[in-house]
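Student: Protein chains in written order, with this note's numbering: chain A, 58 to 324; chain B, 58 to 324; chain C, 58 to 324.
Simulated from the structure, these hints should not be mistaken for laboratory data.
Accuracy of the hints is not assured; some may be wrong.
[Claimed, not checked] Partial list, computed: chain C residues near chain B (C-beta under 7 Å): (1) Val95; (2) Ser98; (3) Glu100; (4) Phe112; (5) Gln115; (6) Val116; (7) Pro121; (8) His241; (9) Gly292; (10) Ser293.
[Claimed, not checked] Coverage of chain B stretches by chain C, computed from C-beta distances (three or more under 8 Å per stretch; other residues unrestricted): (11) 82-89; (12) 96-106; (13) 128-142; (14) 186-196.
The structure presented is a predicted model; accordingly, all values stated were derived computationally and were not measured.
Beta carbons are placed, not taken as given, at the ideal position from N, Cα and C, and that holds for glycine.
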Amino acid sequence: MSISPPLLTLTTDFGTQDSYVSQMKGVILSHAPQARLVDLSHELPPQNVLAASLFLEQVVPTFPNDTIHLCVVDPGVGSQRRGVAVEFPSGRFVGPDNGLLTHWLEREQPLNVVELNQPQWWRQPVSRTFHGRDVFAPVAAAWCRGHKLDELGTAAQNPLVLLPQPAVVRTDEALTGEVIAVDHYGNLITNLVATDVEHFAAGHHVFVEVGRQTNCKIHACYADVPNGQLLALIGSSQRLEISVNCGHAAQTLNATTGTPVCVKPAG
Amino acid sequence: MSISPPLLTLTTDFGTQDSYVSQMKGVILSHAPQARLVDLSHELPPQNVLAASLFLEQVVPTFPNDTIHLCVVDPGVGSQRRGVAVEFPSGRFVGPDNGLLTHWLEREQPLNVVELNQPQWWRQPVSRTFHGRDVFAPVAAAWCRGHKLDELGTAAQNPLVLLPQPAVVRTDEALTGEVIAVDHYGNLITNLVATDVEHFAAGHHVFVEVGRQTNCKIHACYADVPNGQLLALIGSSQRLEISVNCGHAAQTLNATTGTPVCVKPAG
Amino acid sequence: MSISPPLLTLTTDFGTQDSYVSQMKGVILSHAPQARLVDLSHELPPQNVLAASLFLEQVVPTFPNDTIHLCVVDPGVGSQRRGVAVEFPSGRFVGPDNGLLTHWLEREQPLNVVELNQPQWWRQPVSRTFHGRDVFAPVAAAWCRGHKLDELGTAAQNPLVLLPQPAVVRTDEALTGEVIAVDHYGNLITNLVATDVEHFAAGHHVFVEVGRQTNCKIHACYADVPNGQLLALIGSSQRLEISVNCGHAAQTLNATTGTPVCVKPAG
Numbered sequence: 058m059s060i061s062p063p064l065l066t067l068t069t070d071f072g073t074q075d076s077y078v079s080q081m082k083g084v085i086l087s088h089a090p091q092a093r094l095v096d097l098s099h100e101l102p103p104q105n106v107l108a109a110s111l112f113l114e115q116v117v118p119t120f121p122n123d124t125i126h127l128c129v130v131d132p133g134v135g136s137q138r139r140g141v142a143v144e145f146p147s148g149r150f151v152g153p154d155n156g157l158l159t160h161w162l163e164r165e166q167p168l169n170v171v172e173l174n175q176p177q178w179w180r181q182p183v184s185r186t187f188h189g190r191d192v193f194a195p196v197a198a199a200w201c202r203g204h205k206l207d208e209l210g211t212a213a214q215n216p217l218v219l220l221p222q223p224a225v226v227r228t229d230e231a232l233t234g235e236v237i238a239v240d241h242y243g244n245l246i247t248n249l250v251a252t253d254v255e256h257f258a259a260g261h262h263v264f265v266e267v268g269r270q271t272n273c274k275i276h277a278c279y280a281d282v283p284n285g286q287l288l289a290l291i292g293s294s295q296r297l298e299i300s301v302n303c304g305h306a307a308q309t310l311n312a313t314t315g316t317p318v319c320v321k322p323a324g
Numbered sequence: 058m059s060i061s062p063p064l065l066t067l068t069t070d071f072g073t074q075d076s077y078v079s080q081m082k083g084v085i086l087s088h089a090p091q092a093r094l095v096d097l098s099h100e101l102p103p104q105n106v107l108a109a110s111l112f113l114e115q116v117v118p119t120f121p122n123d124t125i126h127l128c129v130v131d132p133g134v135g136s137q138r139r140g141v142a143v144e145f146p147s148g149r150f151v152g153p154d155n156g157l158l159t160h161w162l163e164r165e166q167p168l169n170v171v172e173l174n175q176p177q178w179w180r181q182p183v184s185r186t187f188h189g190r191d192v193f194a195p196v197a198a199a200w201c202r203g204h205k206l207d208e209l210g211t212a213a214q215n216p217l218v219l220l221p222q223p224a225v226v227r228t229d230e231a232l233t234g235e236v237i238a239v240d241h242y243g244n245l246i247t248n249l250v251a252t253d254v255e256h257f258a259a260g261h262h263v264f265v266e267v268g269r270q271t272n273c274k275i276h277a278c279y280a281d282v283p284n285g286q287l288l289a290l291i292g293s294s295q296r297l298e299i300s301v302n303c304g305h306a307a308q309t310l311n312a313t314t315g316t317p318v319c320v321k322p323a324g
Numbered sequence: 058m059s060i061s062p063p064l065l066t067l068t069t070d071f072g073t074q075d076s077y078v079s080q081m082k083g084v085i086l087s088h089a090p091q092a093r094l095v096d097l098s099h100e101l102p103p104q105n106v107l108a109a110s111l112f113l114e115q116v117v118p119t120f121p122n123d124t125i126h127l128c129v130v131d132p133g134v135g136s137q138r139r140g141v142a143v144e145f146p147s148g149r150f151v152g153p154d155n156g157l158l159t160h161w162l163e164r165e166q167p168l169n170v171v172e173l174n175q176p177q178w179w180r181q182p183v184s185r186t187f188h189g190r191d192v193f194a195p196v197a198a199a200w201c202r203g204h205k206l207d208e209l210g211t212a213a214q215n216p217l218v219l220l221p222q223p224a225v226v227r228t229d230e231a232l233t234g235e236v237i238a239v240d241h242y243g244n245l246i247t248n249l250v251a252t253d254v255e256h257f258a259a260g261h262h263v264f265v266e267v268g269r270q271t272n273c274k275i276h277a278c279y280a281d282v283p284n285g286q287l288l289a290l291i292g293s294s295q296r297l298e299i300s301v302n303c304g305h306a307a308q309t310l311n312a313t314t315g316t317p318v319c320v321k322p323a324g
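So that you can see chain A by itself, here it is in the shape it has in the complex:
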């Protein structure tokens, strides 16, 4: 164990106008005064669990392995959904078991999963609408202080929730997926990963079709095409992205999450 406490990251869909995130920070720092908080994002799409799962997939590998990732995107708060704490080889997770780990579980298997059922760790009384503050924050703080995972809950009896993901379809003529996220710059992030595309495109030029418009080739970086021109590239998360150099592809193409994207060998 390191001398200083592990990092504790915060990821929510709470926005930053309201006091929800701050209340969680207060609870954590009251229970673990030495915690080193790191804000990841509080602007995730509201109540979109799959988007949060994708976010975690992209971020977790960059952090130290003992980091605790507290993630609360929790449309089912107060219902029967479980809270869990999970230890993976590359990081630790605290949050609702509602599919937030869907992408992470594709990459590695958990070492240990506990169901959060030990109310002695919780902030009382527990609100029915804000387990982020009353359950997940104090549990993460206790873990951060050095308590063991099996003190925080008991071994989970059921597997973690996995959400269905949009399919990738491969034929001899084409590889078809869809847009799964639109970033701040309007880049369209797809569910086609680099290894799929490279395999398909081996030795070929390829065209990428977005919606009904066929109009770009795969390049290496934005600056490979003139300003305002459409291109495809393998983005920094190893996914096929559709971009406009110094522009906004989502607006240009009127595309959004769910828009089909198809890769075909050039003419």
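Got chain A; can you put chains B and C on it based on the hints?
Tutor: Chains B and C alone, transformed into the frame defined by chain A:
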């Protein structure tokens, strides 16, 4: 006193596009290099002092008692309004005396209030438009370093400013208040607190009327009703809230701050 | 050198919805676990290098001199533009050499400039689209850990990039500049600095003309005029600003970046 310096939180309506918040951080960290800054929100409604007061009420109780809360929502900057530093049992405050403590003062009385009138602590020259950077930040930093409150100013001669708040009206037939905030999810937060509502509703089912529409019962959590259905509940701040499960109540009801909300016994 | 590591600030145009900023934080904290990160802004205008340069000018002087400022507004990522690390008397910079230092270089000369050409410090493989994560973050982390500037790269052979800036024109009758930024409150920040204006206005009342509308005098603070009234003042960054007290000057005047602003002696 703890070995590490107390936490120092930052709450403003400055937004995060401009450099104002960052300049305050720089000044604090230049004067108190070991300060442990915690961003609460910089997205409070511009120049809305009462909204900031409500925000502090919700956040302060979650933090350690020695935390310094630096809050700058300051439409009167450069005028005759005072700057103050205040010690409460549950936290410490630095900022303008313009009503930011309205809600906090309902909960507890200050132990000590000083008026910030000792320019030797300030960043010179003091801008007429940015006391957050030039007065409040260096004063908070000095307090954080361990200077005493009575070094930072002299005992305040006048009481702290209290802002008028919307009234709650109670009759035999109904309890009437209004929406005082709309959160990130579109939930309508009212000025009806749990103890009011519970007392009124003791032994009764109740209906909640928002604006002219009467259409929801009080439930325990969002998931108690189907997606898209309106409900009322006691939110995590112990206030009556109007919500749409997995929806946006403010848009659904065309309601906003000031919209009347009325609780009545069910038919 | 201080006992604790220097502060490391983060400034980007990445927004906070996506995982880009978080990935940079993860890389820095993996390479320099004791780094003390300070978020400045991630909401800078997308791909607007000059706006980011102005932001740095306003913020850097408030921070300790050994602070490392990591700034990534990088429309040319993956092209031939250099990455640099620069030591100034008042701070240290890591980022692309694309004009981000334009304003800073007006104030002081660098002590040392290196070109980032030592891949052993970088995260491999280096993405063509995200040098913030793969080049600048690990280099800043290494600098933060105490490595010397000349380990991180070799002495730069060419001068740092300077971007053209809008001109200030002075005649006997008028001083003319333009709006260079609109802040969160709608205040119009101009390229007319205090010393210019004071000199011009010495002993005179002056009028400020924005676009085609002539209608305000220079005052000392917002509260000097009634709510809703237009005024000019020397803002906290020592620039002439056009404001509406408790209002939004940009909307009121239909003004934006590039709108001409002219100062004339009062009739």
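Student: Can the stretch 96-106 of chain B be counted as covered by chain C under the rule of three residues or more with Cβ-Cβ separation shorter than 8 Å?
Tutor: holds (count 3)
Student: With a cut-off of 7 Å on the beta carbons, see whether serine 293 (chain C) makes it to chain B.
Tutor: The hint holds - serine 293 (chain C) has a Cβ within 7 Å of chain B, the shortest such distance being about 4 Å.
Student: Can you confirm whether chain C covers the stretch 128-142 of chain B, using C-beta to C-beta distances below 8 Å and requiring at least three such residues?
Tutor: holds (count 5)
Student: Go through the hint on proline 121 (chain C) and say holds or violated, using the shortest Cβ distance to chain B against 7 Å.
Tutor: Hint on proline 121 (chain C): holds, closest Cβ of chain B at ~5 Å, below 7 Å.
Student: Apply the coverage criterion to the stretch 82-89 of chain B and chain C: a residue qualifies when its Cβ sits closer than 8 Å to a Cβ of the chain, and three qualifying residues are needed.
Tutor: Since 5 is at least three, the answer is holds.
Student: Once the shortest beta carbon distance from glycine 292 (chain C) to chain B is found, is it less than 7 Å?
Tutor: Constraint on glycine 292 (chain C) satisfied, holds at 6 Å.
Student: Holds or violated: is there a CB of chain B closer than 7 Å to the CB of histidine 241 (chain C)?
Tutor: Holds. Min distance 3 Å.
Student: With chain B as the partner, please determine if valine 95 (chain C) meets the hint condition of a C-beta pair closer than 7 Å.
Tutor: This hint holds: valine 95 (chain C) lies near chain B, its Cβ roughly 6 Å from the closest one there, short of 7 Å.
Student: Holds or violated: the hint that glutamate 100 (chain C) contacts chain B, with Cβ atoms closer than 7 Å.
Tutor: holds, 4 Å
Student: Does phenylalanine 112 (chain C) pass the interface hint, meaning its C-beta sits closer than 7 Å to a C-beta of chain B?
Tutor: holds, 5 Å
Student: Three residues or more, CB to CB closer than 8 Å: is that satisfied between the stretch 186-196 of chain B and chain C?
Tutor: Since 4 is at least three, the answer is holds.
Student: If you take the shortest Cβ to Cβ gap from valine 116 (chain C) to chain B, is it below 7 Å?
Tutor: With Cβ-Cβ at 4 Å, under 7 Å, it holds.
When the structure is compared with the earlier hints, no violation turns up for any of them.
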